[in-house]
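J.: Protein sequences, first through last, are from chains A and B. Numbering (our numbering) for the first sequence: 23 to 364. Numbering (our numbering) for the second sequence: 23 to 364.
Do not rely on the hints blindly, as some may be mistaken.
A pair counts as met if it fits within one copy or between any two copies, since identical chains are not told apart.
Derived lysine-lysine pairs resembling DSSO-like cross-links, with alpha carbons at most 30 angstroms apart [unchecked claim]:
1. K289 / K338
2. K167 / K338
3. K135 / K338
4. K354 / K167
5. K346 / K167
6. K289 / K141
7. K289 / K167
8. K354 / K81
9. K354 / K141
Hints are computed from structural coordinates only; laboratory data are not their basis.
Number of protein chains: 2
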Amino acid sequence: METLPQIANSIREVAALAQTSVSTVSRVLNQSGYVRAEVRERIERVITATGFVPSAVAKGLQRRQSSLVGVVIPRIDSYSISAMVAGISTVLEAAGYSLLLAHTDNQVERELKALQLFKEQRVNGVLLLAAELGEQHRQAFSLLKLPLVVLGQDASGLGISCVLQDECAASTTLTQALLARGHRRIGYIGVNDRDIQVGGERKRGYQTALSAAGIAADSTLITAGGFDFASAALAVDQLMALPQPPTALLAATDRLAIGAISRLAEKGLHVPDNISVVGMGDIDIAAMMQPRLSTVHYDYQASGSRAAHLLLAQLKQEITATSKAVMPFTIKMRDSTRQLAP
Amino acid sequence: METLPQIANSIREVAALAQTSVSTVSRVLNQSGYVRAEVRERIERVITATGFVPSAVAKGLQRRQSSLVGVVIPRIDSYSISAMVAGISTVLEAAGYSLLLAHTDNQVERELKALQLFKEQRVNGVLLLAAELGEQHRQAFSLLKLPLVVLGQDASGLGISCVLQDECAASTTLTQALLARGHRRIGYIGVNDRDIQVGGERKRGYQTALSAAGIAADSTLITAGGFDFASAALAVDQLMALPQPPTALLAATDRLAIGAISRLAEKGLHVPDNISVVGMGDIDIAAMMQPRLSTVHYDYQASGSRAAHLLLAQLKQEITATSKAVMPFTIKMRDSTRQLAP
DNA sequence: CTGAAAGCGCTTACAG
DNA sequence: CTGAAAGCGCTTACAG
Numbered sequence: 023m024e025t026l027p028q029i030a031n032s033i034r035e036v037a038a039l040a041q042t043s044v045s046t047v048s049r050v051l052n053q054s055g056y057v058r059a060e061v062r063e064r065i066e067r068v069i070t071a072t073g074f075v076p077s078a079v080a081k082g083l084q085r086r087q088s089s090l091v092g093v094v095i096p097r098i099d100s101y102s103i104s105a106m107v108a109g110i111s112t113v114l115e116a117a118g119y120s121l122l123l124a125h126t127d128n129q130v131e132r133e134l135k136a137l138q139l140f141k142e143q144r145v146n147g148v149l150l151l152a153a154e155l156g157e158q159h160r161q162a163f164s165l166l167k168l169p170l171v172v173l174g175q176d177a178s179g180l181g182i183s184c185v186l187q188d189e190c191a192a193s194t195t196l197t198q199a200l201l202a203r204g205h206r207r208i209g210y211i212g213v214n215d216r217d218i219q220v221g222g223e224r225k226r227g228y229q230t231a232l233s234a235a236g237i238a239a240d241s242t243l244i245t246a247g248g249f250d251f252a253s254a255a256l257a258v259d260q261l262m263a264l265p266q267p268p269t270a271l272l273a274a275t276d277r278l279a280i281g282a283i284s285r286l287a288e289k290g291l292h293v294p295d296n297i298s299v300v301g302m303g304d305i306d307i308a309a310m311m312q313p314r315l316s317t318v319h320y321d322y323q324a325s326g327s328r329a330a331h332l333l334l335a336q337l338k339q340e341i342t343a344t345s346k347a348v349m350p351f352t353i354k355m356r357d358s359t360r361q362l363a364p
Numbered sequence: 023m024e025t026l027p028q029i030a031n032s033i034r035e036v037a038a039l040a041q042t043s044v045s046t047v048s049r050v051l052n053q054s055g056y057v058r059a060e061v062r063e064r065i066e067r068v069i070t071a072t073g074f075v076p077s078a079v080a081k082g083l084q085r086r087q088s089s090l091v092g093v094v095i096p097r098i099d100s101y102s103i104s105a106m107v108a109g110i111s112t113v114l115e116a117a118g119y120s121l122l123l124a125h126t127d128n129q130v131e132r133e134l135k136a137l138q139l140f141k142e143q144r145v146n147g148v149l150l151l152a153a154e155l156g157e158q159h160r161q162a163f164s165l166l167k168l169p170l171v172v173l174g175q176d177a178s179g180l181g182i183s184c185v186l187q188d189e190c191a192a193s194t195t196l197t198q199a200l201l202a203r204g205h206r207r208i209g210y211i212g213v214n215d216r217d218i219q220v221g222g223e224r225k226r227g228y229q230t231a232l233s234a235a236g237i238a239a240d241s242t243l244i245t246a247g248g249f250d251f252a253s254a255a256l257a258v259d260q261l262m263a264l265p266q267p268p269t270a271l272l273a274a275t276d277r278l279a280i281g282a283i284s285r286l287a288e289k290g291l292h293v294p295d296n297i298s299v300v301g302m303g304d305i306d307i308a309a310m311m312q313p314r315l316s317t318v319h320y321d322y323q324a325s326g327s328r329a330a331h332l333l334l335a336q337l338k339q340e341i342t343a344t345s346k347a348v349m350p351f352t353i354k355m356r357d358s359t360r361q362l363a364p
């Protein structure tokens, strides 16, 4: 056999080198059909000698199967999103899919463009980590005609499977933990309601717990802003300037809680001695901070893999009904909260 | 015109509906060549009516151009990596490329598999965020034959362009800041040397500063482990059990610093009153912690976009020489360090 | 067990 | 300005 480790760029060149047909090469490449051992060996030798790598593009064109899944994320520099993507990635890669990732910087426009791009790339399915779901999404989804699973927002009303955290119950329980510690005036540091889950539901849970405890609603105790530290600082300024300031703060996310604690420190207020603070999400650092942050734990990685599994089921056409998975939570009361003296 | 908003799955069907040829449809799709306004309009109407989306797969097969860039990351749930990917993504998407993401969970084997997969998908280039570079990588790179840029490790010796932080200088400067505050016994919480940049270079910088200050090397002050909180706790236990314990701790990463501070607190040691601690990396939370963490700031997002630009230049074949970009750093002395009483 | 041929959905000279 | 035809690199019946 000639030692020509030249490069083969196509199955056809491999076939020529191995003195056989493309059909046969295709068979050994896909381990399908019968191939005489001798021929198979000859082909395999050529493949390793040339370092030939078959084109998934050509294969995909034929099979109408790209083995690609598009993942849309609003931002990547977020603990919860990273964790979800890790979960997604693990499941999907194990199933033989590759991830096409589009980050949209929270711009709906870029989100829609990403969806378009995914269609062009003929992805087999789409996973959308959503912060907001508006009319534009509704339209885009109906045009998508592709297996789709939404993470983080409730899309079941649109006939789309989704994976959610049990936001309202979580914040109710968390608020109750604060109430149980004697707090009656609890400030709420929230985010915009357009994010129905993190904005709306978490706030609703807080309100539910208060009214169940017979505490009159006080809108001055409720703030809303972005996810950034500056928003947290603003909220703290506002809340602590109240005639009757809160004895505890519930922040819609751990980041906001951390920002709040930092701002409180700047004001000379110490957590938990002067004021209790809780967050939501249980980012990895929450348990390491000083004081260790009380919060609610979500298993974001499991949420990601759950969503991936839902998509996989759709891809295998095992599933037609739209399902809505609500993930469980755990309350983690640590050191940023304390019992109020009676 | 018939109102048949049926679906067109190929340029051929569009052509039939618009009563023209595929060549012409292709021309309007790509805005190439001349098309009579009337015909163009007819085609465009069919496209919008059918919601036709051309196949990037077929196009890629023809043009031998996938518009895909493969990105390999060891983990996704890391601040620095997320930030780099954000930088990469922004630049590459603006240039019309999509990201194919593979996370490898720090397993070389999966890294090599990802590279193989990228070749199959006929990506136009590869960006590798590397924690370690071994013999297997050397081999894989030589077989890759694809534009490649490495982030986080020095691959210039392999003839591969890369983007690095100025690790050694950064940790030297940081150590000097500690020395300037009167610390003589500085413990080092490091990671495995196989990670040449974060493991080796950061340690080397620390050692350089000490020896330049005329302080005898003391190997008992140097620990090595993983990137996790448990490793930090272990290192603290070890360092603080020394007959003459350190007055300051330099952790190779902010996470390790946070883990160390937490462990110190468990031991009843307060930062910075009882001991000073510095980290490296300046994760977003560093400036928000109590105490605010002293550290060195790297612009990870800029590093990512720098790497993306290097790759883009290769893709345009503007560049042939291998370049090595060393990114700048800034020392951020905050509240986790204090002047030692003389 | 193996090969010739059609076809996946595009692009691109090449004629007209 | 427009269309027929070849070809990108595979897969898949269909014959043999």
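J.: Taking the hints in turn, state whether each one holds.
T.: Hint by hint, here is what the structure shows:
With identical chains, the CA atoms of K289 and K338 are never at most 30 angstroms apart, being 57 angstroms at best within one copy and 54 angstroms at best between copies. Proximity of K167 to K338 under the C-alpha cut-off of 30 angstroms is restricted to the intra-copy arrangement: shortest distance 15 angstroms within a copy versus 35 angstroms between copies. In this assembly of identical chains, the alpha carbons of K135 and K338 lie at most 30 angstroms apart whether taken from the same copy (26 angstroms) or from different copies (24 angstroms). Taking the shortest alpha-carbon separations for K354 and K167, neither the intra-copy value of 41 angstroms nor the inter-copy value of 51 angstroms comes in at or below 30 angstroms.
For a Cα distance limit of 30 angstroms, the shortest separation of K346 from K167 inside one copy, 19 angstroms, qualifies, whereas the shortest one across copies, 45 angstroms, does not. Taking the closest pair of Cα atoms, K289 and K141 never come within 30 angstroms of each other, the shortest separation being 52 angstroms inside a single copy and 56 angstroms across copies. For the identical chains of this complex, K289 and K167 are neighbours neither inside a copy (53 angstroms) nor across copies (58 angstroms), given an alpha-carbon limit of 30 angstroms. When the C-alpha separation of K354 and K81 is checked against a cutoff of 30 angstroms, the pair qualifies neither within a copy, at 50 angstroms, nor between copies, at 52 angstroms.
Taking the closest pair of Cα atoms, K354 and K141 never come within 30 angstroms of each other, the shortest separation being 42 angstroms inside a single copy and 46 angstroms across copies.
In the structure shown, a violation is registered for the earlier hints numbered 1, 4, 6, 7, 8, 9, in ascending order.
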